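Going down the list, the sequences are from chains W and Z.
Numbered according to numbering that gives the first Met the number 0, the first sequence spans residues 0 to 130.
Numbered according to numbering that gives the first Met the number 0, the second sequence spans residues 0 to 146.
The set of hints was computed from the structure by calculation and includes no laboratory data.
The model shown is predicted, which means the values in this text are computed figures rather than measured ones.
Glycine included, C-beta positions come from ideal geometry on N, C-alpha and C.
There could be a bad hint or two in this list.
A few chain W positions that, by computed beta-carbon distances, are all more than 12 Å from chain Z [unchecked claim]:
| no. | residue |
| --- | --- |
| 1 | T9 |
| 2 | P71 |
| 3 | V97 |
| 4 | V98 |
| 5 | G104 |
These stretches of chain Z come out as covered by chain W in the derived footprint (C-beta under 8 Å, 3 or more residues) [what the hints assert, rightly or not]:
| no. | region |
| --- | --- |
| 6 | 20-34 |
| 7 | 41-55 |
| 8 | 65-77 |
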Amino acid sequence: MSPRVEAGTTLPALALPPVSRTTLALFAGASGDTNPIHVDLDVARSAGLDDVFAHGMLSMAYLGRLLTGWVPGSRLRSWRVRFTAITPVLSSPRCEGVVTAVDDGVATVELSVRLEDGTTTLRGTALVALP
Amino acid sequence: MAVDLARALARPIEPVVALVERGRLRAFARAIGDTDPVHSDVEAARAAGHPDVLAPPTFLFSLELETDPPLGWLTDLGVDLRGVLHGEQSFTYHRDVHAGDTIECRRRVSNAYAKSPTRDFLVKHTDFLRGGELVAEAEAVVIVTAP
Numbered sequence: 000m001s002p003r004v005e006a007g008t009t010l011p012a013l014a015l016p017p018v019s020r021t022t023l024a025l026f027a028g029a030s031g032d033t034n035p036i037h038v039d040l041d042v043a044r045s046a047g048l049d050d051v052f053a054h055g056m057l058s059m060a061y062l063g064r065l066l067t068g069w070v071p072g073s074r075l076r077s078w079r080v081r082f083t084a085i086t087p088v089l090s091s092p093r094c095e096g097v098v099t100a101v102d103d104g105v106a107t108v109e110l111s112v113r114l115e116d117g118t119t120t121l122r123g124t125a126l127v128a129l130p
Numbered sequence: 000m001a002v003d004l005a006r007a008l009a010r011p012i013e014p015v016v017a018l019v020e021r022g023r024l025r026a027f028a029r030a031i032g033d034t035d036p037v038h039s040d041v042e043a044a045r046a047a048g049h050p051d052v053l054a055p056p057t058f059l060f061s062l063e064l065e066t067d068p069p070l071g072w073l074t075d076l077g078v079d080l081r082g083v084l085h086g087e088q089s090f091t092y093h094r095d096v097h098a099g100d101t102i103e104c105r106r107r108v109s110n111a112y113a114k115s116p117t118r119d120f121l122v123k124h125t126d127f128l129r130g131g132e133l134v135a136e137a138e139a140v141v142i143v144t145a146p
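Same shape as in the complex, but just chain Z (with noise of 0.2 Å):
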């Protein structure tokens, strides 16, 4: 077993708190050669009808790791992330998240199981709050390989 599976589901993730600021959401636009001005010029976004600058579809997932160290959710368990593969990833979206939101990222392991001796998977929800309401939910699907 490359990771306890009733500690990981049993063990809370502390909530992520963050602000979605203009200039990470024009770095992540940079990084991903996305040159759609909706998510890096506010006149252009405004233009769009939008209150901001609107985050890319997967940018929730960084928010996420705006917590220190990024993946503690992962490292607590004992996981070496260099035995960790990213399975599977999804997005369900209510509302738009724009430059000037916080957010709060609120996060548990919804399912661990083992499909080999070396080899456990484990899925993480999240679900996205903005003053409360919830505005996205994310779920990965992480997959733990003992070395």
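Just chain W, same shape as in the assembly (with noise of 0.2 Å):
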């Protein structure tokens, strides 16, 4: 982490690789969230989609990892996000943060996730404490 953070500082961006089946078939085993919808075509048709789509806590584990590359995860204090579009199987997450205020040692972190096509997946706000 940077020695100063302040309003406008930016987090180093997490660009990931295109969410694979195998990566959504690895994220239910491990995160047991094991919604058919995830990783079973024929129920993601039954119910009148395309294809499957990446579960919602893979991408906010995603960015998870942005605020623990940025600082260790025991700062993290508190975080909220708003799932705000479905993340299709083989799209490519980028995971951005900013600091919007400091406040008593507490960093203030904007946070979004966005695909290639500019479709914003999540947006949120996380309350991380400063050395």
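Two chains, two frames, a set of hints: combine them into the complex.
Written out as structure tokens, the structure is:
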């Protein structure tokens, strides 16, 4: 982490490779979110979708990586995200964060995840304790 | 209405008690492409000042799913999982959680409301306790759509 954190400080962005079906299967098993709509094409089609889509919590986990790549995880006080669009299989999320305020040693970080077509899939805010 | 809101608010949810396992943390880290060894290697975690492998920030959500069926709190309400969307998720941390910890997840539907005849919102609050101490909290906003 850079020595001085202030409003406007940007976190190093995290660009993910395309979300593969293998990633969705591994995440379903490891996370315990076994909703078949994320891994079973037949179930996705029965719900009227063309294909499976990624777990929202996979994208939030990527945002977690953005944060813990910036500061040790123990400094994360709280955070909240809103899922604004689904992440289609094979799309490539990009996680970004920018500090919008620093008060009493706690940074407010605005978070977003976007896909290559510009769709924003997550927006959120984190409170991070500074050293 | 996609779900019985009064029933969702009144119906208790069984708590989940789950052990945080090193292997599970390693598999989780691999699935999300996290190569920070503090989440997968005991020695690296100890070198960073932790007693054991550190759970990543969203892993607590997975502990709640350590029950059968994992989304039983929804399916018990008659919810068709194909119509469920995850609207919002938050975490508040009070203590780090590590491999070897046994965590009790105490859950309740804290709010339930309809936004349209075919879209209901359920807010689930979870307290995560270790030996009776509150270590973290989470809130999930789940959108249930009628077919």
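Hints, verified against the model:
Every CB of chain Z is more than 12 Å from the CB of T9 of chain W (nearest about 20 Å), matching its label as outside the interface. Taking the minimum C-beta to C-beta distance to chain Z, about 7 Å, the non-interface status of P71 of chain W is violated against the 12 Å cut. The claim that V97 of chain W lies off the interface holds: its Cβ sits roughly 18 Å from the closest Cβ of chain Z, which is beyond the 12 Å cut-off. In this structure V98 of chain W is separated from chain Z by more than 12 Å, as the shortest Cβ-Cβ distance comes to about 18 Å.
Consistency note on G104 of chain W: stated as away from chain Z, and its beta-carbon is indeed over 12 Å from all of that chain's, at 16 Å minimum. Here's how the region 20-34 of chain Z fares: 8 of its residues keep a CB closer than 8 Å to some CB of chain W, so the rule of at least three is met and the hint holds. Under the rule that three or more residues need a Cβ within less than 8 Å of chain W, the assignment of the region 41-55 of chain Z holds, with 3 such residues. Look at the region 65-77 of chain Z against chain W: 3 of its residues bring a Cβ nearer than 8 Å to a Cβ of that chain, three or more, so the hint holds.
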